Amino acid sequence: MVNYIFEIVGTIAFAFSGIKVASQSRYDVFGGFVLAFCVAVGGGTVRDCMLGLPPFWTTSSVYFICTIVAMVIFFALKHGSHLIPNKVNKTIFLTADTIGLALFTIAGTQKAYLNGMPVWVSIGMGCITGVLGGVIRDVFAGLKPTIFSEDFYATASVIGAAVYFAFPYIGFSAEVSSVSGMFTIVILRFLAVRYKWHLPMV
Amino acid sequence: MVNYIFEIVGTIAFAFSGIKVASQSRYDVFGGFVLAFCVAVGGGTVRDCMLGLPPFWTTSSVYFICTIVAMVIFFALKHGSHLIPNKVNKTIFLTADTIGLALFTIAGTQKAYLNGMPVWVSIGMGCITGVLGGVIRDVFAGLKPTIFSEDFYATASVIGAAVYFAFPYIGFSAEVSSVSGMFTIVILRFLAVRYKWHLPMV
Amino acid sequence: MVNYIFEIVGTIAFAFSGIKVASQSRYDVFGGFVLAFCVAVGGGTVRDCMLGLPPFWTTSSVYFICTIVAMVIFFALKHGSHLIPNKVNKTIFLTADTIGLALFTIAGTQKAYLNGMPVWVSIGMGCITGVLGGVIRDVFAGLKPTIFSEDFYATASVIGAAVYFAFPYIGFSAEVSSVSGMFTIVILRFLAVRYKWHLPMV
Numbered sequence: 001m002v003n004y005i006f007e008i009v010g011t012i013a014f015a016f017s018g019i020k021v022a023s024q025s026r027y028d029v030f031g032g033f034v035l036a037f038c039v040a041v042g043g044g045t046v047r048d049c050m051l052g053l054p055p056f057w058t059t060s061s062v063y064f065i066c067t068i069v070a071m072v073i074f075f076a077l078k079h080g081s082h083l084i085p086n087k088v089n090k091t092i093f094l095t096a097d098t099i100g101l102a103l104f105t106i107a108g109t110q111k112a113y114l115n116g117m118p119v120w121v122s123i124g125m126g127c128i129t130g131v132l133g134g135v136i137r138d139v140f141a142g143l144k145p146t147i148f149s150e151d152f153y154a155t156a157s158v159i160g161a162a163v164y165f166a167f168p169y170i171g172f173s174a175e176v177s178s179v180s181g182m183f184t185i186v187i188l189r190f191l192a193v194r195y196k197w198h199l200p201m202v
Numbered sequence: 001m002v003n004y005i006f007e008i009v010g011t012i013a014f015a016f017s018g019i020k021v022a023s024q025s026r027y028d029v030f031g032g033f034v035l036a037f038c039v040a041v042g043g044g045t046v047r048d049c050m051l052g053l054p055p056f057w058t059t060s061s062v063y064f065i066c067t068i069v070a071m072v073i074f075f076a077l078k079h080g081s082h083l084i085p086n087k088v089n090k091t092i093f094l095t096a097d098t099i100g101l102a103l104f105t106i107a108g109t110q111k112a113y114l115n116g117m118p119v120w121v122s123i124g125m126g127c128i129t130g131v132l133g134g135v136i137r138d139v140f141a142g143l144k145p146t147i148f149s150e151d152f153y154a155t156a157s158v159i160g161a162a163v164y165f166a167f168p169y170i171g172f173s174a175e176v177s178s179v180s181g182m183f184t185i186v187i188l189r190f191l192a193v194r195y196k197w198h199l200p201m202v
Numbered sequence: 001m002v003n004y005i006f007e008i009v010g011t012i013a014f015a016f017s018g019i020k021v022a023s024q025s026r027y028d029v030f031g032g033f034v035l036a037f038c039v040a041v042g043g044g045t046v047r048d049c050m051l052g053l054p055p056f057w058t059t060s061s062v063y064f065i066c067t068i069v070a071m072v073i074f075f076a077l078k079h080g081s082h083l084i085p086n087k088v089n090k091t092i093f094l095t096a097d098t099i100g101l102a103l104f105t106i107a108g109t110q111k112a113y114l115n116g117m118p119v120w121v122s123i124g125m126g127c128i129t130g131v132l133g134g135v136i137r138d139v140f141a142g143l144k145p146t147i148f149s150e151d152f153y154a155t156a157s158v159i160g161a162a163v164y165f166a167f168p169y170i171g172f173s174a175e176v177s178s179v180s181g182m183f184t185i186v187i188l189r190f191l192a193v194r195y196k197w198h199l200p201m202v
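Chains as they are written, first to last, in this note's numbering: chain W, 1 to 202; chain S, 1 to 202; chain G, 1 to 202.
For the record, the hints were derived by calculation from the structure and aren't laboratory data. Nothing here was measured: the structure is a model prediction, and the numbers come from that model. Heads up, some of the hints might be wrong.
Identical chains blur together in the list; that is why a pair holds if it fits in one copy or across any two.
[Stated by the list, open to error] DSBU-like, lysine-lysine: derived pairs with alpha carbons at most 35 Å apart:
1) K196 x K111
2) K90 x K111
3) K90 x K144
4) K144 x K87
5) K196 x K144
6) K196 x K87
7) K78 x K90
Looking at chain W on its own, in the form it has when it is part of the complex:
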């Protein structure tokens, strides 16, 4: 149940980030919807193709509805944006996007592992699930993908997935491990943004 709520929040957040980029790239309303949907389901679709499974979003219309909800929120915020301080706006977006990354990463890791993948492949597929949507968003908008250079994005995703596998070894239950993995991602990203952590450049 908690997982389900997180998944909805994550999908809405990812879709929202797609619409935001679409708006900056001067897409029309329908193009914005398509981009938002691609961001929300892109990573998981590639994961499912690699696992030989049907894409997860074909089995439930909840991801479709989440994209519509994200559009409604976007238009509400757009017309009320003068009422909300810019900083609050940014924090809302960062929080939602980070929850999306955290949940999609752990859900993707779990799904790959349950489908027989070894641990390191599962971590990689979790990372793909979490970050590929953002890459697709930037490429489709004609931008250079930011997640490879941005504050700890993919790095936090991989560390969180590793925590998810490490915690059962030190005696934690599957539920605790999965929540710990998500929290690790959320906390790492907030710390990275707050204290301007950067990995050294290659």
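The hints should help you fit chains S and G onto chain W, whose structure is shown.
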């Protein structure tokens, strides 16, 4: 039979649009061929991967031959371009591209539905089949994809796929519905280009 | 055994080219690693998805380790780059990249053919295996893909794959044909770079 002719025309049209972009991006002849083939089969390949089927173009060499035909037409037009008024050139291209979009959308919708997908997923996959080739074309050429902001492109595709599903409910046969879906896409696009229809920007 | 060594060299070379582009695009260390891995396995992953097989890199961690080795080499070269003449550096890179292209092309062609694809599809899939990693590299780095316009890249790949199929007809064994295909690619590329061969532009 009519479907088959449409499919060939659509494939040639899509391949042709790929070569045109390749020419503008100063690709060499072989690069142009590869790009043209990617545009022609890209959308359907992603659809087939999601459906768990082998890519449609692996079962028949007609798509390969269509790409060669498109290249021959391109070179003929290029060397004879001073003979054809620019406006006629544009109209030929728009017509072919629109027929391609119409046919690929309905064929994709049909294939997804026959493989057990629910209606809304089938419409989505029809849209992917029709428009993703153009997205791949623009991304591979280092351009910002235009289909999300261009005159009614993806929108017409989705409305046509919806017509294809709606018409049997009001008593039309499968054949009539499928042709009606295609006509809807063609007419919508021509009207949109003629009267400069635009969706509001996001 | 020789195949296996070639495969490792090819993977390292492709991963290395990914890190080089990541460095030019100012990625962080982890982003560079991800890009390198995508370049090394991208083409083969798409091929395996189209063949309905699990991605090859999920069955062995050797590709993962090769990517780490490529990073180590990159940092060693970076800090010692003042010791190596620029021209030697370029030759090393070209050689490794070309061996990667040659091996990945023939391995991809073989795998597609063994999975029941007709000859021309196998050649196409071999080409995809060899060149798509480089396309992903450029798109993810926000650059225009170079392989479509660069000296004989995709062209050499297709000609080599064709040699691989043609040689058994004139009496050569499978091993000789496969090595001949690879040599064809290597020699064509070196000649193209040396004598500045270009296909005419489209």
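Results of checking the hints against the structure:
Taking the closest pair of Cα atoms, K196 and K111 come within 35 Å of each other only inside a single copy of the chain (32 Å); across copies the shortest separation is 46 Å, beyond that limit. For a Cα distance limit of 35 Å, the shortest separation of K90 from K111 inside one copy, 31 Å, qualifies, whereas the shortest one across copies, 43 Å, does not. Taking CA atoms no more than 35 Å apart as the test, K90 paired with K144 passes in both settings, with 21 Å inside one copy and 26 Å between copies. For the identical chains of this complex, K144 and K87 are neighbours both inside a copy (25 Å) and across copies (30 Å), given an alpha-carbon limit of 35 Å.
Taking identical chains as interchangeable, the C-alpha atoms of K196 and K144 lie at most 35 Å apart whether they share a chain (21 Å) or sit on different chains (31 Å). Proximity of K196 and K87 under a CA criterion of 35 Å is satisfied intra-copy only: 16 Å inside one chain copy versus 39 Å between copies. In this homomeric assembly, K78 and K90 come within 35 Å of each other (Cα to Cα) only inside a single copy, at 13 Å, whereas the closest approach across copies is 38 Å.
In this structure, none of the earlier numbered hints is contradicted; all agree with it.
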